[in-house]
Every structure is written in structure tokens, then in C-alpha cells.
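Chains Z and E supply the protein sequences, listed in that same order.
Okay, so the first sequence: first residue is 44 according to our numbering, each after it adds one.
Okay, so the second sequence: first residue is 1499 according to our numbering, each after it adds one.
Quick caveat, the hints were computed from the structure, so don't treat them as lab data.
Among these hints, one or two may not hold up.
Said to hold, decoys possible - Think about it this way: if two alpha-carbon atoms lie no more than 27 Å apart in a straight line, the pair counts; the simulated DSS-like pairs of lysine-lysine are:
{"id": "1", "chain 1": "Z", "residue 1": "Lys245", "chain 2": "Z", "residue 2": "Lys278"}
{"id": "2", "chain 1": "E", "residue 1": "Lys1736", "chain 2": "Z", "residue 2": "Lys221"}
{"id": "3", "chain 1": "E", "residue 1": "Lys1754", "chain 2": "E", "residue 2": "Lys1549"}
{"id": "4", "chain 1": "E", "residue 1": "Lys1882", "chain 2": "Z", "residue 2": "Lys98"}
{"id": "5", "chain 1": "Z", "residue 1": "Lys274", "chain 2": "Z", "residue 2": "Lys236"}
{"id": "6", "chain 1": "E", "residue 1": "Lys1514", "chain 2": "E", "residue 2": "Lys1768"}
{"id": "7", "chain 1": "E", "residue 1": "Lys1668", "chain 2": "Z", "residue 2": "Lys56"}
{"id": "8", "chain 1": "E", "residue 1": "Lys1776", "chain 2": "E", "residue 2": "Lys1840"}
{"id": "9", "chain 1": "E", "residue 1": "Lys1736", "chain 2": "E", "residue 2": "Lys1668"}
{"id": "10", "chain 1": "Z", "residue 1": "Lys219", "chain 2": "E", "residue 2": "Lys1609"}
{"id": "11", "chain 1": "Z", "residue 1": "Lys221", "chain 2": "Z", "residue 2": "Lys252"}
{"id": "12", "chain 1": "Z", "residue 1": "Lys50", "chain 2": "E", "residue 2": "Lys1503"}
{"id": "13", "chain 1": "Z", "residue 1": "Lys193", "chain 2": "Z", "residue 2": "Lys219"}
{"id": "14", "chain 1": "Z", "residue 1": "Lys260", "chain 2": "Z", "residue 2": "Lys302"}
{"id": "15", "chain 1": "Z", "residue 1": "Lys87", "chain 2": "E", "residue 2": "Lys1882"}
{"id": "16", "chain 1": "Z", "residue 1": "Lys56", "chain 2": "E", "residue 2": "Lys1503"}
{"id": "17", "chain 1": "Z", "residue 1": "Lys121", "chain 2": "Z", "residue 2": "Lys50"}
{"id": "18", "chain 1": "E", "residue 1": "Lys1882", "chain 2": "Z", "residue 2": "Lys56"}
{"id": "19", "chain 1": "Z", "residue 1": "Lys50", "chain 2": "Z", "residue 2": "Lys185"}
{"id": "20", "chain 1": "Z", "residue 1": "Lys221", "chain 2": "E", "residue 2": "Lys1668"}
{"id": "21", "chain 1": "Z", "residue 1": "Lys219", "chain 2": "E", "residue 2": "Lys1613"}
{"id": "22", "chain 1": "Z", "residue 1": "Lys50", "chain 2": "E", "residue 2": "Lys1549"}
{"id": "23", "chain 1": "Z", "residue 1": "Lys128", "chain 2": "Z", "residue 2": "Lys252"}
{"id": "24", "chain 1": "Z", "residue 1": "Lys50", "chain 2": "E", "residue 2": "Lys1872"}
{"id": "25", "chain 1": "Z", "residue 1": "Lys185", "chain 2": "Z", "residue 2": "Lys198"}
{"id": "26", "chain 1": "Z", "residue 1": "Lys219", "chain 2": "E", "residue 2": "Lys1840"}
As the structure is a prediction and not an experimental result, all values here were calculated from the model.
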Amino acid sequence: MWDYTEKVIDHYKNPRNVGSIEDADAVGEAGSLSCGDMLKLYLKVDKNGIITDAKFQTFGCGSAVASSSILTEMVIGKHIDEARKITNKQIVDALGGLPPEKMHCSVMGHEALEAAISNYYNEEITISSDEEIVCHCFDISKTFLENEIKSNNLKTLDDVINYTKAGGACGRCHGKIKEILDNINNQQPKQEKLTNTQMIIKINNIIEKYISPELRKDGGDIELIDVEGNKIKVKLSGRCGMCNRSQLTLTHFVEATLKEHVNSNIEIVQV
Amino acid sequence: MSDSKIIYLDNNATTKVDERVVEVMLPYFSQYYGNPSSMYELGGKNSKVIKEARERIKEFFGANSSKEIYFTASGSESANMAIRGVLSADKSKNHIITTKVEHACVLNLCKQLEKEGYNIDYAGVNASGEVNTDEIYNAITDKTALVACMYANNETGTIFPVREIAEKVKTINPKTKVFVDAVQAAGKIELNVKDTQIDMMGISGHKFHAPKGIGALYVNSSTLITPLVIGGHQENGKRAGTENVPFIVGMAEAAKIAQEALLFENTEVKRLRDKLEKGLLSRIYNARLNSSAQNRVPNTTNIGFEYIEGELILLNMNDYGICASSGSACTSGSLDPSHVLKAMGVPFTALHGSIRFSLSRYTTEDEINYTLEKMPPIIERLAKISPYQAELTELQERKGLK
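The shape of chain E in the complex, shown without the other chains (with noise of 0.2 Å):
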């Protein structure tokens, strides 16, 4: 492969940090490296700085005061932050509920936490990947501290309708806390936390064009949690450890650059999206569309090729430099296909051979088309290898398409 062309279409497995958002960080590195803790102007300055970068992250959530803004290392620790805090802080309660689609750091943590001692319902989605919203509200007890469910899902782009959940979840429990993984969600659609009843949300800067290795909780200002880390003072002692100041202020600038590039996602990137989308399934006989929900972030398109498996569509697609990710057992580190299209009840035929497409305001229209060029052929010439000749040749003829 050569470095020359990437066609970068894995952006909900990272992003390409925008040069505005390294500029601002620079001068933190050698400049202004003092610690905000201490007593002089070098690093006392760095306060100041940090104060209104959480007032930014703060807009962006959409909250009522930058005192419920917490800064951490990564999208997983503010899910751990949240629910462990939680579950420290009040001790009587035993049970927990999410669903079978969350990231890894949620759905590890619950594993951890059965082992613990705690009851964990999973609730299961339909076959567009939206969350069934009664299993969740069926599974409330007394005893459930916790309802946590993402905002949308890393691998389908299907949105749940969080808001409607916490305000649900509150009329049959007040007393359980719901926490929301919005790290698929940050930068793609509005957050606007403070307009709804969740009590916790956790972001990722590298999600939206921030570097890799800082994000934020959403605390609101009702709900108590214990700290993960203890040490010192910062993060209002709910979080010790040094202020990493580069890339809180590189993850408050790539936050407003993407508040602004909202409406952008939205529009020219969801254009693009949805001609890769109509151009796969159109072009490419044995192409599937799995998550055809119409609440999906605008960015996510999850295709299967029957009778294909994914690992070698992605190594073939490497060597035209097109990047994307696959829901297959062999490019993950378990034997296991996708959790996500599984619950989803994606047909086997289809389940090895999904590829996640995920744009970002960086994706051109050139690169839609090279990627729509490069496709067909690809898939063509690995269907020849496939052992399922018959079947291949009924879907053609099933599809009329040559």
C-alpha cells in the first residue's frame, strides 16, 4: 500500500485531528507547562485556561454549569467513572440495566460487575438495531441504580432515544440514575444534556477530531459519584491527577469547531453517506444494507457482502488505501463475530462479511466516488473465491443485476 492515497472511512474508530485544534495545543507543550495547581503566574495561567475550556465542553454537552463537566483520558474511563461512581456512592442498590449493543466499556464493565455481585439485564434491540424500550422499562426494580445506554451505536449509527428513556426511566424510578455513552454521538448530532433527564453522559475527543487520549463526563449537579482515581484536588476531587492541559484545550477547540460543523454533518456529509450507501447497494448484488434505521448519526453506513468474509474485503481494500472496519470474527481479538449485528439478528450469510463505512466532515466527494469505483470489482473478484457458487449465483438472479 502506498502513503499516497488514503481514503479515510473509519472515522467512528477514530479521527484525523484538525490542524486548528493541534495550533492552539502547542504552546502548551514547552510554552505554558506549568502545573494549574501552582502558585505562580506560568502555571496559575493554566487555570484560567482550563476554566474555559470547561466552559466550552460545558456549550457542548448543552449543561447548565461547567461545575458538571469532569475532564478524563478516554471515552472508556468516562463510562467507568460514571458507573462505578455511582454504584460506590450508593451502596443499596444491586441492579443495573443496558443493553446488548454498548461499546466494550460498558458492557465488559457490567461483565466485571455480575462477578461482583450485581444483577445486569441486557436489553435487546429489533433487526434496524433500535433498543427495545420496554425490555428496559419491564427490568426497573427498586433496586436498579442504573440504566446505562449509548446515544448511538459505533457500528449501525442508530440513535436511541435517550431523552425519551431517562424521562421514562424517572417516572417508574426517580431514584435511578442513567447514564448516556455519547461518544459516537459527540460532534454528529446535538447533545443538549441539560434539556432532558440524564444524569450522566461520557464523550471522546478523538471522536471528533480531538487527539486521542482525553475526554469528559457529564455529571449532573443531583447525582453523587465516588471518585475512580484518588490523589489530589482537581476535577473538584472527583478525578486526581495533573490537568492535561494541551489536550483539554485541543478537545475544547475541536469541540466548538464541531458544534459549528453541525449543521455541515448533517447535510453534506450525510449527502455523501447516503450516496455511498444507494451506490453499494445498488452496484454490488450481494450487498446488504443491516441497519436501515432512519435515526442513524449521519456519518455510519453498515453493509454486509454475503458469502464474503470481512477481514479479506478489508485487506483488499487496503491495497486500493480505502480504510473501513469489519464486524468479523477475524479482524477482532475474539473468534466471535459482531455483538452488535448478532443481537440484531443479522443473518450468518451476511454476519462475517460486514463492512462499517463511517465518514467525517473530511470525506470528499472524489473519494465517494473512488471508493465506489474500487468496490464493485473487489467484491466481484472475491465472490469467485467463495465456496457458496449456488447461492451467489440465486441472489444475482434474484437481484436481476449482472
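Bound conformation, chain Z alone (with noise of 0.2 Å):
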């Protein structure tokens, strides 16, 4: 059984805007029914451009309804160009978290969203006829996987699939999935070379801006004494001088966090 959310629970169990809009002023469509998931959208908007009603028809499973009928929530009073904004990720945080293997009903939902509002302001979507389909069981074009992998950060293949079903049926398409995704994360910009001045001030902002906040709600703080490289001098103070964990906390916490934000290779001395 799925480890549903109690937020996902509550929407495939008691759907909200469910129906259609005789009027809509938007409808766009995602999914298929051969597929196994599909979603109609439908919108009413006023002269502001403001979303005044949204309604939804859903073929799939629990979290493709939950996922479909928050969303509906989400885009009811926002301007549409407002509501053009709205990323999967923010259907996934508004339902709580989705299963990984769930992710691409929040896909769905996002692709949905963005097919009613071309067809609000009457764009042409364009589909050209030599448009390189990767996954054929699931009808997946190249251009779409590549968009999906940039703009949720995709690394393997797994996460190809969980988003965006591609290669999730016969598995024949995997060799070229992989290969796209090798492309798009080599052609990501190398990690901008930095001269020492440009370091110093890049750390304490991110020492300023997440760490300290941190360590100060344990009474205990942080101070950028050096920098050599990557090597990373550092002097805990107050609390955090003291404490016996001292060593996990400049692991976990803050070589983990500068890590993330800096780059990988960081290295944290304690002096």
C-alpha cells in the first residue's frame, strides 16, 4: 500500500471542484486513457485575468485525484499569469510529499494546467511532425523529457520514470533516457572558479543566512576564520564550543550545508 499523506488522503476522498464548466474560459487536457491517467482542467476567468472557478475530471489513481483537486484550489483567485507560475513541486509541498514513484500525478497536473492556459490565451501548440518520441508506450517525447529533467533536477533514470512514466512500461527506451540525461547534466555549468576574496564573502553569507540562525537557537554560533581552497577554517563558539557533538554538527550540518551551496568538495577544519 502507498504511504499517502493525510493531505492526499483527504483530496481523493473528499475531491474538491469536481465536474466541468459548461463556459470555461481555459481547458487543457494531459494524460491518456491508454495510459492509465488523464486529466481535464477546466477554468473560468474574469476580464482581470483573475481565476474565478476551476473544476477537474480525473481517470487515475488516488494521489493523480488528490493531485488534481488541490490544484484546482490553488489557481482559484489567482491571476492566470500568476497561476502560469505554479510548478510540480508546489502541487507535491501543497499535498504534503507524494510516493516517488507518484511524482509524475503532480506532472500531470502541472502539463494540465499549462495546456488550459496556452488555450486561454490562444497559443498554438506546437506539436512538429518530426518530434522525437522517446518512451512509445507512453507516447514521451524527447523535448518534454528534457524539460522535465531540467526543471525538477532529475539525476537517474528512477526519477525519469517516477515523474514522467517514461520508461516505466517495457523498459526498451531506458539506454536513451540515460543517455539524455547524461547530456543534460554534463551540459550544466561547471562550478564557477572563485578567487579567495569572492569565497570568504560567498561562505559568511551562507554562514549568516543558514547556519548561525541555526546554531544561535541552541545558544552556541559559528565564526569563518580562514579559507584555503576548499579546506574551511572554522571556530564554534559559545555552547557549541563545548559540546561533545561539536564534530557531527560541523559534519552534518554545516559542511553538508556548504556542500549544497558552494560545492562539493568542501572541506571543514576546526581550529
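The task is to assemble the complex, starting from two chains supplied on their own in separate frames and drawing on the hints.
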């Protein structure tokens, strides 16, 4: 059984805004019956561009219904251009999370919203005839995959399957998907080379913003002493300085945070 | 969901352990715990107990001799032991024939064997889920080591003519071995293996009210298999490891009870299954019977609810304590819907909304009535969420139901 959050359960048990809008100003669809899930989203937009009503119809599992339901709640009252900024990650967050295998439900919600807004602006959705289809089981194009990989920062084949369903059935396209993943992940800008002064400023900013506030909660603090390449010398103060778990704090929190924001080669030295 | 009311209609997944089975097992945990291979009475007595259990399982298979019975830990192990066992014993052949609708323990093993260099042919099924036997016969060559075909399908309950298949296979190539996965047939129909040309047959205890973690494999005396698990001399040197005495005793008891209950399964359980099936089909306009095969195990029905997705149906059934399973993609690890229903050509309008109901001798009339009362409003409510309103209305009008 899936480990659904209470929010997901609430939304599939009592879905909000089910149905259609006869005189909808925008309609968007995503998915298909043969693929196992399909969502139709209807929007009513007033003359100021505010979404005054939204309704949905979904063929799909519990998390697909929950994603659709919460999406309607998220867009009602928003300007259509604001609604356009909603990402699939925001849908997931609003639901309190989805099991990894179900992330594609949020992607489908996002896709239907995008389709509805394009429909509102009468934008042509150009599907070029030579569009390369990567996954034939679910009819998923290379362009779509590339967009989802970039916007959701997908790293592995499983990520791609969970978010887009591509490769989730027969598996014949796994090689192709890995190739696309490699191309994108190698293309990403190389970590910029910082001068020592730039590095010190950057690290100080991160300490101020992410690290010190947390340590202060426990009555401690941290001070940047010196930077030599990737070697960051720091001094713990206050209660942290006396704490026998300070080494854990350094590696699990300070170093991990800096690795995330600066680069993965960071090494913390306590002085 | 409250624990108070559970309507368990998922007996092809696993079954409740019979209390009588639990009772006979208990002394073998802390009282008679000796190793059957030991030279003192505490252990040595247990080798007699195992001998008796083997005798009972022999009766259950309808085999000639208890020497043809090996205890395993599961139906999956039985299948692996049989298939790999035969292939390793005769390396001169590299071809296997099976069906598209086998259980994963055979299908995924075959996929692995393909990687190891074996050629595999997969016979298809018709719309009722009956195997196209000619596809099996036509594929046989002098290189065919094995035909692996299930006795009854876990999703549809369709019974395959394994007796006839084995006979025909042997007339085409007498050296080809036949393995039958009888996991879903055991306890539902008579196995009677001794009157057949079947060489090997596997069963799993937890499908007939024994605990999980115990199974058996029948291998006739003229078939040579190489063991998978090497070690001690247990199971006549074909499967090493100290015998799981309490579970072996439990499965033997369950087999005895199941054999006595066969008539009940084929009358009373079948009556309730038919009542459920007819009731759902007549009360729910978008219900579709996925396998209408005449020859089905008495406890199983598989019904597709068109334009609604299966996981959503199960989640809503769960609110009423009704347990079943679905061929929907969303409930499996894979994103692909049931390979069985796909092979049968079940239309995709019903493929993702297919629910398997499987009863047991514990299922009561009240439970079936309750299910028949709860299912129509569940489906009606979920149909309202579906984007395929026009198609649903058309179905409703065509069936002339409200």
C-alpha cells in the first residue's frame, strides 16, 4: 500500500471542485486513457485575468485525483499569469509530499494547467511532426523529457520514470533516457571558479543566512577564520564550542550545508 | 478503516491460516524443536513427522511416491528449482516454451534465462484467457528442454488444459520436460498428477490456508534435476537446509483439510463467486467480465470497471473494509498494467480499472451481500470524477440500466 499523506487521502476521499464548466474560458488536458491516467481541467477567468473558478475530471489513481483536486484550490483566485508560475513541485508540497513513484501525477497536473493557460491565450501548441518520441509506451517526446529533467533536476533513470512515466513499462527506451540524462547533466555550467575573496564573501553569506541562525537556537554560533582553497577553517563558539557533539554538527550540518550551496569538495576544519 | 469489519476477497494473494493448522504447528516451535538429522529422539522423531507430512503432500498432488515430493520455501522457489534444475541437468538443450500469462516467478526467470542465452517462446491467450495450445505445440523443436505452463491463472482463474498439453508435448518431443505452476489450482481443483505426463509441479502453502514461507515441488522419478541450494543431504540432496518442521507439518495439515474441502470449494464457494459476479455485472452498468472462460477455478472473478482507475476503486473499497486487488498499473511496482489482461486483449477502457475478487471457504453469504451493496455506490461516485462522461453515458444507455 502507498504511504500517502493525510492531505492526499483527504483530497482523494473528498475531492474538491469535481466536474466541468460549461462556459469555461480555458480547458486543458493531459495524459490519456490508454496510459492509465488522464486529467481535464476547466478554468473560468474574469476580465481582469483572475481565475474565478476551476473544475477537474480525472481518470487515475488516488494521488492523481488528489493532485488535480489541490491544483484547482491553488489556482482559484490567482491571476492567470500567476497561476502559470505554479510548478509541479508546488503541487507536491501542497499535498505534503507524494511517494516517489507517484511524482508523475503532479507533473500531469502541471501539464494540464499549462495546456489550459495556453488555451486561454490561444497559443498554438506546436507539436512538430518530426518531434522525437523516446518512450513509445506512454508516447513521451524528447523535448518534454528534457524540460522535466531540467525543471525537476532529475538525476537518475528512476527519477525520470517516477516523474514522467517514460521508461516505466517495457523498458526499451532506458538507454535513450540515460543518454538524455547524461547530455543534460554534463551540460550544466561548471562550478564557477571563485577568487579567495569571493569565496570568503560567499561562505560568510551562507553562514549568516543558513548556519548561524540554527546554531543560535541552541545557544551557540560559528565564526569563519580562514579559507584555503576548499579547506574552510571555522571556530565554534558559545555552547557549540563546549558541546561534545560539535564534530557531528560540523560534518552533518555545517559541511553539508556549505557543500550544497558552494561546492561538493568543501572540507571543514575546526580551529 | 476500522479493524472491525474486513471482507477479505483477495485469497489469490494469500489466505488466512486455518486455526487447525496453527494448532498442529505450535508444538514444533518450543517443544519438539529438534533437528530431524540428529541422532537423539528429540530430533530423530521429527524426521518421522516430516516423512508423514511428505506422505500427505504426496496425496495432495496425487503422486505415486513421496520420494517425488520436495519441500521448498515458496511457489517461486519451486518454479526456480524445477526450471533451473532441469536446464542444468541437461545442458544440451537451450529452448523453453512458456505462456505470456505466467506468474512473475516463471516469466521473470525466463527473461533472466534469455539473458543467459536461452531461447524462449511465449504462447499467447485468447480473450477469455485460455492459452493458445497450438502455439506451444508448433514451437517445440528437438532443442526444447522445457514447457512451463500454469495450471490456473492467478488473475482470471482460467484453468489451462495442462494434462492434455503434457500429453501432446510428449508425443512431439518425449525428451521435453513439462513444469506446471499449480499454485492457484492447489486446494481449488484436484491435482492428480500421477495420471498425467506432467514431470514437475509446484505449489505454495499460503494459497490454501497454510502459512507463508512454505511450498512444495513434485518431480517425477524419471526427471533429473540439479539442486539450486547446495549443502547438506536434506530433501534427498536436492535442497539443502535444515527442514522447517513446523511449517512442513502445517502445510501437510492444510493440504489434508483442503482436500476434504474440495467439494465445498466447487459448490458453495463457486455459488458465492457466481452470485458476486452476476450481481456486480447486473447492478453496475460499466462493469465488464474480463474472463468468461467456462473452465475457471471456483473462487475467482475478474471484473473491469470501464473509465475508472483500479487503485482509486481499491482505496474506496478499503474504506468499507473490502479487500481485493487490481491489474491496474498504479498498484504494481511497474507503470504497466497487468500483463495477463493485456495478453487477453482487454480493451484499455477497462484495463486500468480491473478488479480481481477471489473468495475462500471462509467467505460468507453476508459478506457477498455487503460487497454487492457497497460496490455500486462506490463505482457511481467514482464515475462522476471521470473525464469520460460522454462514453459513460453511452454505456449506460446501451445497457439500459440506470
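Self-check item: Structure versus earlier hints - violations, ascending order
Solution: 2, 7, 11, 19, 20 and 22
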